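Those sequence lines, one after another, are chains A and B. Just so we're aligned: 6 in the UniProt record's numbering is position 6 of the first sequence, and the numbers increase by one with no gaps anywhere. Just so we're aligned: 92 in the UniProt record's numbering is position 92 of the second sequence, and the numbers increase by one with no gaps anywhere.
Just so you know, not all the hints are guaranteed correct.
[What the hints assert, rightly or not] Stretches of chain B that chain A covers, calculated by requiring three or more beta carbons in the stretch to come under 8 Å of a beta carbon on chain A:
| id | stretch |
| --- | --- |
| 1 | 59 to 69 |
| 2 | 87 to 97 |
| 3 | 150 to 157 |
Don't read these hints as lab results, they were simulated from the structure. Remember, it's a predicted structure, so these values are computed and weren't measured experimentally. No residue lacks a Cβ here, since even glycine has one placed at the ideal position from N, Cα and C.
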Amino acid sequence: MNSKTSHSSSQRYEGCTLTGALSITTQVEDAVTVVHGPEGCAHHNVSLLHAAMAEQGHPAIPKIVPTRLSEQGVIFGGEEDLAATLRAMADRRPGVIFVLTTCITETIGDDAASVCSEDYGVPVVLLPTAGFLGGCFSDGLNAALTTMAAKADPVEGAGETVTIIGEKNLEYEVEENFAEVERLLASLGLEVGLRFVRDVRYADLKQVGTGRLNVLREPSLAPVGEALKERFGTPYISSFPIGLDGSIAFLEEVGTLLGLRTDGAVRREEERQSAMLDSFADLRGSVFSIDPMTFRALECTPVRRVMEALDLQVDSDGAGVSLPYSPPVGTAGIRRLLHRWRRRVHA
Amino acid sequence: MKQIALYGKGGIGKSTTSANLSAALGAKGLDVLQIGCDPKRDSTRMLMQGVWIPTVLDLIREKGEDSVSTDEVVRKGFAGVRCVEAGGPEPGIGCAGRGIIATFRLLERLGALQGDVIVYDVLGDVVCGGFAMPMREGYAEEVYLVTSGELMSLYAANNIAKAVARLAKRSKQTCSLAGVICNAKNMAGEEELVREFARRINSEMVAYIPRSRTVQLAEVHKQTVMEYAPDSEQAAVYQELAGRVLTNDRTSIPTPIEMDELEDLALQFAEI
Ligand code: SF4
Chain A
1 MNSKTSHSSS QRYEGCTLTG ALSITTQVED AVTVVHGPEG CAHHNVSLLH
51 AAMAEQGHPA IPKIVPTRLS EQGVIFGGEE DLAATLRAMA DRRPGVIFVL
101 TTCITETIGD DAASVCSEDY GVPVVLLPTA GFLGGCFSDG LNAALTTMAA
151 KADPVEGAGE TVTIIGEKNL EYEVEENFAE VERLLASLGL EVGLRFVRDV
201 RYADLKQVGT GRLNVLREPS LAPVGEALKE RFGTPYISSF PIGLDGSIAF
251 LEEVGTLLGL RTDGAVRREE ERQSAMLDSF ADLRGSVFSI DPMTFRALEC
301 TPVRRVMEAL DLQVDSDGAG VSLPYSPPVG TAGIRRLLHR WRRRVHA
Chain B
1 MKQIALYGKG GIGKSTTSAN LSAALGAKGL DVLQIGCDPK RDSTRMLMQG
51 VWIPTVLDLI REKGEDSVST DEVVRKGFAG VRCVEAGGPE PGIGCAGRGI
101 IATFRLLERL GALQGDVIVY DVLGDVVCGG FAMPMREGYA EEVYLVTSGE
151 LMSLYAANNI AKAVARLAKR SKQTCSLAGV ICNAKNMAGE EELVREFARR
201 INSEMVAYIP RSRTVQLAEV HKQTVMEYAP DSEQAAVYQE LAGRVLTNDR
251 TSIPTPIEMD ELEDLALQFA EI
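Extracted from the complex, chain A is given alone in its bound form (with noise of 0.2 Å):
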């Protein structure tokens, strides 16, 4: 079913199916990705990834090589099309090729899976991602993740390591959130092994089944960590910690899963926060006005919390300052926020 288009909700997440996929398949660095389609498709999308890319300080230019299907492709069929630029790609040897399709291909019909399944000698991965046939962008998002775990390696017995799923590689926090999990993990005495996916060579992913547990990065991937619950039996978090409280309930969740002591790191843990919190005392009693564009945020119970605590008020006069589209990770999202805040108060 179709989620987008809704004005009021419309933001970098909910675009096409393809932008979805292409979240995930450029991050494979041997990948080379073929978008079966006009240029504009992949234009538009190089842009976006490269902009995120680049705030993330890796300002790269994601590898998206569209099919450039022009009017003699519509009329007479994009396969030769798509079959010339897969060999072309084949030729300089990559880890994989995905191949994304779009709304035009799958209009005219193009069988595009038929063309994938010849030998190019590398492996090749169809992600059919038509916008138009009621997708968005986390479900080509979603249907990555799934593809790309199906084509793992089974596995006997669980490894040692934690495996991170589906992080949300355009938002602007992304190494940070990964480091605040991270630390919460090792805290435990526990590693992250993949990323899955996130900074990774194609051969890596065939560990998706090897990991002890699976931490989701937001709940809307269940489907994901279903799958792979089903095929490695890993048991999995359904996502990220958010604020102070989600750190805390997040140790528990890990502690309760794998059958860990988690009181002596759950007490670090709480100290943590109120020392940070005892470091924005100067901030108590501040009014805040919030940009009314992110003022649902605000029912964001964390951020609630947070601004219970230090007694912050909201008011048109204050200073203003706008929350963040994804709620934030961890001890140190909140710790983040406040440091913004701080410094519109003393603007």
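Starting from the known structure of chain A, fit chain B with the ligand onto it as the hints suggest.
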């Protein structure tokens, strides 16, 4: 310049009617262009003495759109009628609707869409947007529905009337219904049935073309009736149609009827 289009069920005889109409118009000394809009590309074959002319889309496919010249796509046939076949992709591949659009754009760019009369012979059994294209884009200004008295053929004609009525609501619309041509199967009561059908959809039967062996004979000689038997009764029928088309200035916005009404109509006239 008159731009007319013949629409109707596949196999009803649109190409035979179009080719003979064009030939009759050409014989009157008019500059006529006939464009076959069907991947089957057999619209202009009888005008070309059985020669399959290269299609616009084949040429586009082989040479690229920019290298195609007017001489390659427009061929002169009987009575000076200039013939074009749009063609299409291989069955089951790509989008022929888009192909028809590309063909028209190319002809326009080449300046080939001119003359006294342009006859568009439009494919019958198509449901996608491509089939309405000549009407939608304002190429076909006067639409003629070709039908026999058979129910399925009337049904198709009624559906096309729906398309014309729908397009007529648009602001830039230029197409309207110019009449119904009965290409008879020689069923009893057929002429009255088609005449009444035409009246019900707010139009008029402009020609009754009886079924004739001459048509088949002309066909095996790879000629239009106008060329094969210019003095035959059948040739006179096409000449009359040509005269009617040239002078026809009565067009209408059709009022398509319901399937039930169509069936009742057929029952009422058919002498079973
Ligand atoms: S919505 Fe369709 S046409 Fe637009 S970019 Fe996505 S795939 Fe291309």
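Each hint tested on the structure:
1. 59 to 69: holds (count 4)
2. 87 to 97: holds (count 7)
3. 150 to 157: violated (count 0)
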